[in-house]
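J.: All chains should be built: construct the whole structure from the sequences, respecting the hints.
Protein sequences, first through last, are from chains Y and A. At position 228 of the first sequence the residue is numbered 228 (full-length UniProt numbering), and the sequence of numbers has no breaks. At position 306 of the second sequence the residue is numbered 306 (full-length UniProt numbering), and the sequence of numbers has no breaks.
Please note: incorrect hints may appear among the correct ones.
Said to hold, decoys possible - With beta-carbon atoms standing in for the labels, derived distance ranges: (1) A:Leu-263 x Y:Gly-123: 55 to 63 Å; (2) A:Phe-28 x Y:Ala-113: 37 to 45 Å; (3) A:Leu-263 x Y:Asp-122: 52 to 60 Å; (4) A:Ala-317 x Y:Arg-61: 41 to 49 Å; (5) Y:Gln-208 x A:Arg-313: 44 to 52 Å; (6) Y:Lys-118 x A:Leu-54: 29 to 37 Å; (7) A:Gln-203 x Y:Asn-136: 30 to 38 Å.
Don't read these hints as lab results, they were simulated from the structure. Using N, Cα and C, we set each Cβ at its ideal position, and we do this for glycine too.
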Amino acid sequence: MAKRIDVSGLSAFYGSTRAIDDISMTIEPRSVTAFIGPSGCGKSTFLRTLNRMHEVIPGARVEGKVLLDDENLYGASVDPVAVRRSVGMVFQRPNPFPTMSIYDNVVAGLKLAGVKKKSVLDGVVERSLQGANLWNEVKDRLNKPGAGLSGGQQQRLCIARAIAVEPEVLLMDEPCSALDPISTLAIEDLIGELKAQFTIVIVTHNMQQAARVSDRTAFFNLAGVGQPGKLIELDDTQRIFSNPSVQATEDYISGRFG
Amino acid sequence: MTSAPPADARGRARRSRGDSRRGDNVFFNLSRGSGVLLLVVMAAIAGFLAYRSLLALGKNEGNFLTTFEWTPDATKPVFGIAVLTFGTLVSAFIAMVIAVPIAVGIALFISHYAPRRIAQPFAYLVDLLAAVPSIVYGLWGVLFLVPHMDGLTSWMDQYLGWTYVFDQSSTGVPPRNLFTVGILLAIMVLPIITAVTREVFRQVPRMHEEAALALGATRWEMIRTAVLPFGRPGIISASMLGLGRALGETIAVATVLSTNSVLSLHLLDPGGGTFAQNIALKFSEAQPLGRDALMASGLVLFVITLLVNGAARMIIARRKEYSGAAA
Numbered sequence: 001m002a003k004r005i006d007v008s009g010l011s012a013f014y015g016s017t018r019a020i021d022d023i024s025m026t027i028e029p030r031s032v033t034a035f036i037g038p039s040g041c042g043k044s045t046f047l048r049t050l051n052r053m054h055e056v057i058p059g060a061r062v063e064g065k066v067l068l069d070d071e072n073l074y075g076a077s078v079d080p081v082a083v084r085r086s087v088g089m090v091f092q093r094p095n096p097f098p099t100m101s102i103y104d105n106v107v108a109g110l111k112l113a114g115v116k117k118k119s120v121l122d123g124v125v126e127r128s129l130q131g132a133n134l135w136n137e138v139k140d141r142l143n144k145p146g147a148g149l150s151g152g153q154q155q156r157l158c159i160a161r162a163i164a165v166e167p168e169v170l171l172m173d174e175p176c177s178a179l180d181p182i183s184t185l186a187i188e189d190l191i192g193e194l195k196a197q198f199t200i201v202i203v204t205h206n207m208q209q210a211a212r213v214s215d216r217t218a219f220f221n222l223a224g225v226g227q228p229g230k231l232i233e234l235d236d237t238q239r240i241f242s243n244p245s246v247q248a249t250e251d252y253i254s255g256r257f258g
Numbered sequence: 001m002t003s004a005p006p007a008d009a010r011g012r013a014r015r016s017r018g019d020s021r022r023g024d025n026v027f028f029n030l031s032r033g034s035g036v037l038l039l040v041v042m043a044a045i046a047g048f049l050a051y052r053s054l055l056a057l058g059k060n061e062g063n064f065l066t067t068f069e070w071t072p073d074a075t076k077p078v079f080g081i082a083v084l085t086f087g088t089l090v091s092a093f094i095a096m097v098i099a100v101p102i103a104v105g106i107a108l109f110i111s112h113y114a115p116r117r118i119a120q121p122f123a124y125l126v127d128l129l130a131a132v133p134s135i136v137y138g139l140w141g142v143l144f145l146v147p148h149m150d151g152l153t154s155w156m157d158q159y160l161g162w163t164y165v166f167d168q169s170s171t172g173v174p175p176r177n178l179f180t181v182g183i184l185l186a187i188m189v190l191p192i193i194t195a196v197t198r199e200v201f202r203q204v205p206r207m208h209e210e211a212a213l214a215l216g217a218t219r220w221e222m223i224r225t226a227v228l229p230f231g232r233p234g235i236i237s238a239s240m241l242g243l244g245r246a247l248g249e250t251i252a253v254a255t256v257l258s259t260n261s262v263l264s265l266h267l268l269d270p271g272g273g274t275f276a277q278n279i280a281l282k283f284s285e286a287q288p289l290g291r292d293a294l295m296a297s298g299l300v301l302f303v304i305t306l307l308v309n310g311a312a313r314m315i316i317a318r319r320k321e322y323s324g325a326a327a
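T.: Here it is as structure tokens:
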């Protein structure tokens, strides 16, 4: 578990519009990398290219290479479905399956992979919910609908669902933007624990959050409306927030634009 | 979903604003009036049917529920709904078994598989099917479907004859039977079921579909985990709309079905009848008692439709907390 991601020359398109342009970066295993930048700079689009979720939008396509350890996710023989099984994702708004119980939500990925044995599933449910710091709150109502939980609990349920399949990488697309500060704190603590096992990439609009949870921070920017987003710099979080090497980063961090 | 505030709170709010909210009042009374009107119409129909039915039932010399004959205007009036109940339920059942899976398939094709420039004209085409008058379906059924059923019926007789229901006891007669009617009804209810399920499938939140895809679901697995469970209440409601039409379809059935009132479990044998078809055939020549007897059969159809709808609502309500309405 936990693999290195090596991106080179990656561009993503919606139809004929270039959304991100020529991005290259290396993301270390067992670390948290945060993507920050103004709206429309392509950070979410870039995140979605890392598990081939970008291309589920009609007309969307990707050029370039993403190596997960040594395997190119965009290789000709690679099945995007298999990629998504090894690169998990947590979305902006909590999206547990409304028609399923808490239990069924957690094992949804395993069931897709064909695991049916009750004892195995039971174990995974407990381990994943414990991993997502949710076990104590829901252990007595595993058969109740997941949609009945609070927003923060739902998001932790989604994290449990994502880690239940033991992915190599966990992608998080603004996981706290729909949550209150207390739930946000719970998720941030959880991210700190999860990085011992997973490679974590998180998109956030909240710079304090990036500073709190991440080891490395990437700053994305765009030259103007309609222009593709670019990676401006990627460095240790501490350095980005104290002494960035590019002026635009400094301006963004200090709130002078964006 | 929020619950309505207590009545006194609503009353206070209305008083405190005075008549500055006349529009609200007008609209409130208008919508309440429409609701009441519906109840009045329903009660009037039910009351009328019940009254005339009682008149007829009092003079019936046979058992209304189990009698096969329909001779209310004979000197010794005898009529019963056994043949009609059987025919109505069986033809509607066949129609649903054929139509629901196909309709769900078409709806999924339109909402999740076809590229947009094909999906839209295709959806329009399906809607167009709903606009064809029933008599046209009936004529098509008797002039085209009936003469072309031979291959299918003899195949079913040969390979499914052991099931008894698909055993053909009389060969060589045109298949103006319940099975053919079922197929015709299936075609007729297809557009309504397709249209409703299609809209429900379109409303599945994108985020649930993406959740499934991100877990490594293929397109079909995504549909199975996110789309179909979310659309389940909608599929049931759509099927009930279609079933209502199949149960009540009159002229198309009357055109296709041959008119001998036999109750045969061999669905491929000609004959049988349905409530609506029977009324359409016999109403014009019926004496007063005959008309009342037909009303009684109409009341039974009314009750059957109510029961079916009630059952469907119960099925939907039982899993309400999983419906996705809260999300």
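J.: Each of the hints needs a verdict: does it hold here or not?
T.: Now for the hints, and whether the structure bears them out:
1. Against the hinted window of 55 to 63 Å, the Cβ-Cβ separation of Leu-263 (chain A) and Gly-123 (chain Y) comes to about 58 Å, which satisfies the hint.
2. The supplied range of 37 to 45 Å is broken by Phe-28 (chain A) and Ala-113 (chain Y), whose beta-carbon atoms lie about 54 Å from each other.
3. Between Leu-263 (chain A) and Asp-122 (chain Y) the CB atoms are about 53 Å apart, so this pair conforms to the stated range of 52 to 60 Å.
4. Here the CB-CB span from Ala-317 (chain A) to Arg-61 (chain Y) is close to 45 Å, well matched to the stated 41 to 49 Å.
5. Separation of Gln-208 (chain Y) from Arg-313 (chain A) is about 50 Å and conforms to the stated range, judged on CB atoms against 44 to 52 Å.
6. Between Lys-118 (chain Y) and Leu-54 (chain A) the CB atoms are about 58 Å apart, so this pair departs from the stated range of 29 to 37 Å.
7. The hinted window of 30 to 38 Å between Gln-203 (chain A) and Asn-136 (chain Y) holds, with their beta carbons roughly 35 Å apart.
Violation of the numbered hints given earlier is confined to hints 2, 6; the remaining hints are satisfied by the structure.
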